[in-house]
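Here the protein sequences line up with chains A and B, keeping their order.
Residue 1 is where the first sequence starts when you use the working numbering, and the numbers rise one by one after that.
Residue 1 is where the second sequence starts when you use the working numbering, and the numbers rise one by one after that.
Hints are computed from structural coordinates only; laboratory data are not their basis.
Be a bit skeptical, because a hint or two may be false.
[Said to hold, decoys possible] Taking lysine to any residue pairs in the SDA-like style, the calculated list, with each CA pair at most 25 Å apart, reads:
1) 8/A with 277/A
2) 155/A with 81/A
3) 44/B with 57/A
4) 215/A with 39/B
5) 44/B with 54/A
6) 59/A with 34/B
7) 59/A with 38/B
8) 215/A with 37/B
9) 155/A with 211/A
10) 59/A with 15/B
11) 59/A with 37/B
12) 59/A with 44/B
13) 44/B with 294/A
14) 44/B with 293/A
15) 44/B with 280/A
16) 8/A with 26/B
17) 59/A with 89/B
18) 59/A with 52/B
19) 155/A with 37/B
[Stated by the list, open to error] Per label pair, the in silico range of CB-to-CB distance:
20) 37/A with 70/B: 55 to 65 Å
21) 35/B with 45/A: 23 to 33 Å
22) 276/A with 54/B: 31 to 41 Å
23) 44/A with 23/B: 26 to 36 Å
24) 38/B with 280/A: 15 to 25 Å
25) 109/A with 54/B: 20 to 30 Å
26) 45/B with 166/A: 47 to 57 Å
27) 9/B with 109/A: 32 to 42 Å
28) 11/B with 281/A: 37 to 47 Å
29) 135/A with 76/B: 52 to 62 Å
30) 35/B with 162/A: 28 to 38 Å
31) 153/A with 91/B: 17 to 27 Å
Ideal placement from N, C-alpha and C gives every residue a C-beta, glycine not left out.
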Amino acid sequence: MSYEVFRKGLAAPICLTWEVTYGCNLRCAHCLSSSDVVREGELDGAEAKRLIDEWAEMKVFYINVGGGEPLSRPDFVELMDYALDRNIGVKFSTNGTLLDDGIADWVTARGDMLDVQISVDGATPATSDPIRGRGSFVRAVRAMERLQQRGTGFKINATVTKQNFAELDDLYALATGHGAELRLTRLRPSGRGAAIWEAHRPTHAQNEALFHWLKAHPDVLTGDSFFHLSAHGGPLDGLNMCGAGRIVCCVDPLGDVYACPFVLDDAFAAGNVREAGGFERIWRESALFAHLREWQVGGDCQSCNAYSLCHGGCMAVKHHVGVSLDAPDPDCVFGNGDRAALPVLA
Amino acid sequence: MGALDLALGDARYRMSPDAAIRREAFGGLAYRYDNRRLYFVHSKALVELVLGLDGTRSLGEVLAPVSDAKRPAYAKALAALARLEVIVPEVEA
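Using the sequences provided together with the hints, build the complete structure.
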């Protein structure tokens, strides 16, 4: 897909990420939003419904709902029903610990418009629990079983790390064994992830093997997470581009709008939905989004013959490791990111 | 029109309940909720035709006001959207 289509800006995001609360009962080591407790000033139910009304009016096709742990928000089901009844598809990510029989029944009753992703970060407690907390894997599997018992499809979401890389096949089997699909996500140095990124990011050799593994498993979803690896030889499934501010954005629990859920940072903040004009004005008029729609990664990447495949990679990763957004992605398949990351001597 | 009617059939069409379409500067975007597929529609006029489908008219009837020169291209595009199940025949009661 060409960037050109998005230059003028879409009338609405194709989808957006909505973090509904910073409250969470887990403390995952790589949490992109550094979630822990409910924060002062989170959008209340009435504000949340006004936001959903705006999205329905704009015809946002679906929302990716996360947090924090969305199921810890008392009005979660009410808000999601409100969105679904207005023809907005919902995919929500949960750690599964609060997914009881009532939630499983609700998910089942809602059908195709509602998708659930249950997160684990390995195919065994020994691999997943060090990231997500003791007992988290077993509780996530219990949630999977509740959905499977009802014949309800869902997704297992895992962040690919150096440590769980050897378990990709087992993760795939875990998903298929529960009538589910596997979705893999790139580990980014966002939020608490910054502290563990160097120790947990896959090696270049693992990333190359991952590219081929994904090619061999076209039914594995990635949310366009790994387009920077397309330079290994042909695009992966998906739009293969950074959608930040162009086709996606993120609304945090406080109503702050960011270009992408992986950069909840002032540098990528476009406004707050409580301001006059609400979400729609931010989407259409924010200077940050206007800039991103014109902007492409420059620098040395522009002259690389793989540029049309990876477009210079992920700006969130670059931002958090402190290199220029025009530098190659730290995981550039040609190793150019390693050179860019060398400290500049004054 | 005869051959065209035959190709499109006389079923009355509407948007699929599992799909949505919206206007964009380049035409429009259609999305299917059930298979998560996104489709680019590069014609504003075609998007208006689809938005106007209400299950009371066949595609031949929908295309009647379109000029003879443009009708074959529109018919082809509507047939494609039908094949992709973005638009579906109204089920007879």
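Provide an ascending list of the numbers of those earlier hints which the structure does not satisfy. none
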